[in-house]
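Protein sequences, first through last, are from chains A and B.
Counting in this note's numbering, the first sequence runs from 1 upward without gaps.
Counting in this note's numbering, the second sequence runs from 69 upward without gaps.
The reader is advised that the hints may include incorrect statements.
[Unchecked claim] In silico SDA-like cross-links for lysine to any residue, where the CA-CA straight-line distance does not exceed 20 angstroms: (1) B/73 <-> A/52; (2) A/38 <-> B/305; (3) A/50 <-> B/308; (4) B/221 <-> A/29; (5) A/38 <-> B/308; (6) A/38 <-> B/347; (7) A/44 <-> B/222; (8) B/217 <-> A/52; (9) B/217 <-> A/54; (10) B/221 <-> A/45; (11) A/50 <-> B/536; (12) A/44 <-> B/298; (13) B/221 <-> B/564; (14) B/710 <-> B/258; (15) B/221 <-> A/47; (16) A/42 <-> B/308; (17) B/736 <-> B/748; (18) A/42 <-> B/305; (19) A/38 <-> B/564; (20) B/221 <-> B/538; (21) B/767 <-> B/594; (22) A/42 <-> B/221; (23) A/44 <-> B/748; (24) A/44 <-> B/302.
For the record, the hints were derived by calculation from the structure and aren't laboratory data.
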Amino acid sequence: MFKFIKQYVEKIEGAQIYPLISMFIFLLFFIALLWYVKKMDKNKVAELSKIPLNETDENCDTGSSSLL
Amino acid sequence: MQVEKFYYDNKTVRNFAYATIIWGAVGMLAGLWVALQLVFPSLNITQYGSFGRLRPLHTNAVIFAFVGNGIFMGVYYSLQRLCKARMFSDKLSAIHFWGWQLIIVAAAITLPLGLSQGAEYAELIWPIDLAITIIWVVFGWNMFGTIIKRREKHLYVAIWFYIATFVTVAVLHIVRSGELPYSWLQSYSWYAGVQDALVQWWYGHNAVAFFLTTPYLGLMYYFMPKAANRPIYSYRLSIIHFWALIFLYIWAGPHHLLYTALPNWAQSLGVVFSLMLIFPSWGGMINGLLTLRGAWDKVRDDVILKFFVVAVTCYGMATFEGPMLSLKSVSAISHYTDWIVAHVHVGALGWNGMLTFGVLYWLIPRIFKTNLFSKKLANQHFWLGTLGILFYAIPMYWAGFMQSSMWKQFTESGQLKYSFLETSINMKPFYAMRSLGGLIYLAGVLLMIYNIYKTVKAGKLVANEEAEAAPLEKVYVKHTGEHWHRWIERRPVQLMIGSLVVILIGGVIELVPTFLVKSNVPTIASVQPYTPLELQGRDIYVREGCYACHSQMIRPFRSETERYGEYSKAGEFVYDHPFQWGSKRTGPDLAREGTGNLKKSDGWHFRHFREPASMSTGSIMPSYAFMIEQNLDTSSTVAKIKAMQTLGVPYAKGYEYQANSDLVQQAKTIQTNLKTEGIELPPNKEIIALIAYIQRLGKDISKPQNK
Numbered sequence: 001m002f003k004f005i006k007q008y009v010e011k012i013e014g015a016q017i018y019p020l021i022s023m024f025i026f027l028l029f030f031i032a033l034l035w036y037v038k039k040m041d042k043n044k045v046a047e048l049s050k051i052p053l054n055e056t057d058e059n060c061d062t063g064s065s066s067l068l
Numbered sequence: 069m070q071v072e073k074f075y076y077d078n079k080t081v082r083n084f085a086y087a088t089i090i091w092g093a094v095g096m097l098a099g100l101w102v103a104l105q106l107v108f109p110s111l112n113i114t115q116y117g118s119f120g121r122l123r124p125l126h127t128n129a130v131i132f133a134f135v136g137n138g139i140f141m142g143v144y145y146s147l148q149r150l151c152k153a154r155m156f157s158d159k160l161s162a163i164h165f166w167g168w169q170l171i172i173v174a175a176a177i178t179l180p181l182g183l184s185q186g187a188e189y190a191e192l193i194w195p196i197d198l199a200i201t202i203i204w205v206v207f208g209w210n211m212f213g214t215i216i217k218r219r220e221k222h223l224y225v226a227i228w229f230y231i232a233t234f235v236t237v238a239v240l241h242i243v244r245s246g247e248l249p250y251s252w253l254q255s256y257s258w259y260a261g262v263q264d265a266l267v268q269w270w271y272g273h274n275a276v277a278f279f280l281t282t283p284y285l286g287l288m289y290y291f292m293p294k295a296a297n298r299p300i301y302s303y304r305l306s307i308i309h310f311w312a313l314i315f316l317y318i319w320a321g322p323h324h325l326l327y328t329a330l331p332n333w334a335q336s337l338g339v340v341f342s343l344m345l346i347f348p349s350w351g352g353m354i355n356g357l358l359t360l361r362g363a364w365d366k367v368r369d370d371v372i373l374k375f376f377v378v379a380v381t382c383y384g385m386a387t388f389e390g391p392m393l394s395l396k397s398v399s400a401i402s403h404y405t406d407w408i409v410a411h412v413h414v415g416a417l418g419w420n421g422m423l424t425f426g427v428l429y430w431l432i433p434r435i436f437k438t439n440l441f442s443k444k445l446a447n448q449h450f451w452l453g454t455l456g457i458l459f460y461a462i463p464m465y466w467a468g469f470m471q472s473s474m475w476k477q478f479t480e481s482g483q484l485k486y487s488f489l490e491t492s493i494n495m496k497p498f499y500a501m502r503s504l505g506g507l508i509y510l511a512g513v514l515l516m517i518y519n520i521y522k523t524v525k526a527g528k529l530v531a532n533e534e535a536e537a538a539p540l541e542k543v544y545v546k547h548t549g550e551h552w553h554r555w556i557e558r559r560p561v562q563l564m565i566g567s568l569v570v571i572l573i574g575g576v577i578e579l580v581p582t583f584l585v586k587s588n589v590p591t592i593a594s595v596q597p598y599t600p601l602e603l604q605g606r607d608i609y610v611r612e613g614c615y616a617c618h619s620q621m622i623r624p625f626r627s628e629t630e631r632y633g634e635y636s637k638a639g640e641f642v643y644d645h646p647f648q649w650g651s652k653r654t655g656p657d658l659a660r661e662g663t664g665n666l667k668k669s670d671g672w673h674f675r676h677f678r679e680p681a682s683m684s685t686g687s688i689m690p691s692y693a694f695m696i697e698q699n700l701d702t703s704s705t706v707a708k709i710k711a712m713q714t715l716g717v718p719y720a721k722g723y724e725y726q727a728n729s730d731l732v733q734q735a736k737t738i739q740t741n742l743k744t745e746g747i748e749l750p751p752n753k754e755i756i757a758l759i760a761y762i763q764r765l766g767k768d769i770s771k772p773q774n775k
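Could you put the whole structure together from the sequences, leaning on the hints where they help?
Now the structure itself:
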């Protein structure tokens with residue numbers, strides 16, 4: 001596969017374009033992510049964040065305030 | 069809906085917990101030992117116990133044995149509970165546990181024997197690499213099996229971190245393990261020179277990211293809310309934290325190679341992404357710490373929360389420092405010094421260590437259905453741990469700055485003010501203080517071992533813990549207008565593919581051009597392959613782990629070119645499988661050791677290897693006198709030259725059969741040289757090959773150029 005694309009990559013004048021492309025990809029990705037997170041349903045967020053606490057653990061005294 | 073009854077597997081969790089404790093103590097003890105070797109070189113006892121062979125033992129033990137088992141302990145505990153399901157297969161759990169321990173034992177045997185690939189944190193030989201691949205797949209299989217048969221619809225954020233860890237470590241391990249075996253135990257890296265360096269630090273940096281960071285962030289997102297009994301500060305932030313972190317981390321590797329012969333564009337890419345990394349990293353730290361909002365008073369009497377707070381704070385410090393160290397001007401000062409050693413130990417002792425201890429104190433009493441034996445001892449452990457980190461890190465920061473400024477200082481008449489040896493001797497008190505820090509930290513761990521032993525004694529393991537939950541609905545009714553992320557949160561396989569795509573973008577954009585664009589590694593006509601004797605000598609250099617203390621990469625600064633000669637060029641390393649640039653200068657750079665002002669006679673090197681302090685008073689280098697006794701194994705020459713030919717090193721066709729006679733001839737020349745200096749030695753000794761290699765270093769480009 002490398003052989004197949006090699007001839008094309010070698011023609012690229014200056015690989016400096018790579019950082020620009022990657023910054024652009026990241027920016028788009030990040031904006032989409034922020035937009036999504038902002039749109040999330042408040043109740044759903046509360047529900048998701050409680051998942052670890054739904055489980056009842058063995059009650060024992062390890063000095064954890066949760067058990068004091 | 070009918071509630072189902074099932075049982076959590078606590079036995080595997082217990083096994084991994086014991087393993088992390090035992091290997092942690094072993095790894096830290098090895099660390100303390102190598103730290104002391106830098107103060108008392110006489111502690112380099114026999115070749116099996118020399119610094120160059122034990123230092124990889126320390127790093128591998130701490131990373132893969134201590135933290136590795138810590139990851140599995142935390143994942144096996146939390147994953148079952150977050151999925152409301154027992155682990156997919158008890159058999160796979162057992163294979164995973166015992167397989168991983170066997171790998172560790174194999175590493176602990178092979179590294180002191182000098183069986184090494186010569187790449188930092190990837191030293192293990194190819195058969196072990198293969199075993200790691202198999203066991204890693206077993207782990208992934210078991211994890212995905214559990215996720216698929218879960219009873220909780222949504223995948224909590226901790227699980228995403230586990231999935232990203234699995235998939236990225238798999239990719240990293242496979243790419244870094246690209247090697248061509250030339251015997252049943254040993255191999256050469258597929259990559260050479262600059263390319264090998266880029267692969268190495270892409271791997272090395274992301275081993276930090278995806279072995280030491282993302283799985284532990286998953287643990288933080290589970291155990292922190294558990295211990296504080298309140299949900300994570302912001303679930304929204306955790307989503308941003310996850311995606312931004314895995315996207316950015318993969319690019320940052322080249323910051324380990326600033327001012328080296330790596331193409332400039334790749335260095336810049338590394339710097340930009342390293343700087344951006346501070347945002348997701350601090351987002352994660354803030355998310356962890358703010359979970360305790362309104363509950364900080366609890367931290368006063370809850371020892372587990374204390375461990376967590378110090379761990380997350382250390383994470384914050386290390387991830388602030390990381391981007392700063394990635395600035396080229398800061399790297400110019402910090403690279404090759406003990407500053408970096410301080411930085412990684414804030415991460416390892418602080419973030420990984422303290423988080424592991426917190427999880428252990430929380431989890432052991434629960435799976436043994438008892439109370440912690442002594443909160444007081446745990447508290448003392450906390451203070452010893454915290455003090456240990458400070459006693460370790462502060463002298464190393466100080467030493468790093470001092471070392472760097474001494475290396476760079478010139479006299480008024482324009483000469484280097486200090487010889488390398490002077491700078492090295494000045495480090496000794498700091499090395500001693502650092503050892504004290506390590507000792508304090510280890511003492512804390514010993515207290516923990518006693519405390520946990522007593523706790524375990526008082527309780528009884530609940531091997532199969534009963535739980536109940538309703539199964540998932542078979543058909544999921546999709547809400548209208550549902551978002552893609554909600555969709556992906558229910559689908560582990562898609563989440564894995566998504567993570568894979570995100571991490572591959574960075575890896576591909578960085579690695580592919582360096583491999584394919586010819587102009588990135590300009591060739592130098594006078595650079596020739598190593599002679600067979602030099603090649604054998606080079607393999608001894610790799611075997612002894614010389615790269616742990618010596619670099620072979622001169623940066624383009626006046627302070628370096630004055631001391632070591634012409635700065636290093638990418639084209640000089642095209643036949644170096646593996647590259648040996650190193651990352652630390654406990655000893656001087658050796659890139660031009662065989663040429664210019666640095667050139668010494670064969671006899672000097674002989675005496676120096678026999679007893680370094682006899683030639684450089686105060687040197688802390690171990691003695692390599694055993695090489696005077698040991699015969700060079702020339703039976704491997706044919707296979708080695710053949711392997712090199714396969715890798716593209718231009719030895720003439722059929723040269724492998726002539727190689728050994730050339731080797732003997734060159735050895736005899738060195739024998740004659742030694743004789744003129746009053747040293748009688750047969751030509752078949754290992755030391756002769758090593759001298760040949762050292763004398764070759766840097767010679768290529770001091771030859772007249774052909775073009």
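Hints, verified against the model:
1. Pair hint residue 73 of chain B plus residue 52 of chain A holds up; C-alpha atoms about 19 angstroms apart against a cutoff of 20 angstroms.
2. In summary, the hint linking residue 38 of chain A to residue 305 of chain B is supported, as the alpha carbons are separated by about 10 angstroms, within the 20 angstroms threshold.
3. Distance hint between residue 50 of chain A and residue 308 of chain B is fulfilled; the C-alpha atoms sit about 18 angstroms from each other, no more than 20 angstroms.
4. With a C-alpha separation of about 26 angstroms, the suggested pairing of residue 221 of chain B with residue 29 of chain A is violated against the 20 angstroms cut-off.
5. Note on residue 38 of chain A and residue 308 of chain B: the hinted pairing holds, with a Cα-Cα distance of about 11 angstroms set against a maximum of 20 angstroms.
6. Of the supplied pair hints, the one linking residue 38 of chain A and residue 347 of chain B holds, its CA atoms being roughly 18 angstroms apart against a limit of 20 angstroms.
7. For the given pair, residue 44 of chain A sits about 11 angstroms from residue 222 of chain B by alpha-carbon distance, which is consistent with the 20 angstroms threshold.
8. Of the supplied pair hints, the one linking residue 217 of chain B and residue 52 of chain A holds, its CA atoms being roughly 18 angstroms apart against a limit of 20 angstroms.
9. Between residue 217 of chain B and residue 54 of chain A the CA atoms are separated by roughly 18 angstroms; this keeps the pair inside 20 angstroms, and the hint holds.
10. Between residue 221 of chain B and residue 45 of chain A, the direct Cα distance comes to roughly 14 angstroms. Compliance with the 20 angstroms bound is thereby established for this hinted pair.
11. A distance of roughly 18 angstroms separates the Cα atoms of residue 50 of chain A and residue 536 of chain B; the hinted pair therefore holds under the 20 angstroms criterion.
12. Between the alpha carbons of residue 44 of chain A and residue 298 of chain B the distance comes to roughly 16 angstroms, so the proposed pair stays at or under 20 angstroms and holds.
13. Proposed proximity of residue 221 of chain B and residue 564 of chain B is supported: the alpha carbons are some 17 angstroms apart, at most 20 angstroms.
14. The hinted pair formed by residue 710 of chain B and residue 258 of chain B meets the criterion: a straight-line CA distance of about 13 angstroms does not exceed 20 angstroms.
15. As the CA atoms of residue 221 of chain B and residue 47 of chain A are separated by approximately 12 angstroms, the hinted pair is consistent with the 20 angstroms bound.
16. At roughly 16 angstroms between alpha-carbon atoms, residue 42 of chain A and residue 308 of chain B fall within 20 angstroms of each other, so this suggested pair holds.
17. Proposed proximity of residue 736 of chain B and residue 748 of chain B is supported: the alpha carbons are some 12 angstroms apart, at most 20 angstroms.
18. About 13 angstroms separates the Cα atoms of residue 42 of chain A and residue 305 of chain B, which keeps this hinted pair within 20 angstroms; it holds.
19. Between residue 38 of chain A and residue 564 of chain B, the direct Cα distance comes to roughly 24 angstroms. Violation of the 20 angstroms bound is thereby established for this hinted pair.
20. Among the hinted pairs, residue 221 of chain B with residue 538 of chain B is consistent with the structure: their alpha-carbon atoms are about 11 angstroms apart, no more than 20 angstroms.
21. With a CA separation close to 9 angstroms, the supplied pair residue 767 of chain B and residue 594 of chain B stays within the 20 angstroms bound.
22. Between the alpha carbons of residue 42 of chain A and residue 221 of chain B the distance comes to roughly 18 angstroms, so the proposed pair stays at or under 20 angstroms and holds.
23. Note on residue 44 of chain A and residue 748 of chain B: the hinted pairing is violated, with a Cα-Cα distance of about 81 angstroms set against a maximum of 20 angstroms.
24. The suggested pairing of residue 44 of chain A with residue 302 of chain B holds, with an alpha-carbon distance near 12 angstroms, which does not exceed 20 angstroms.
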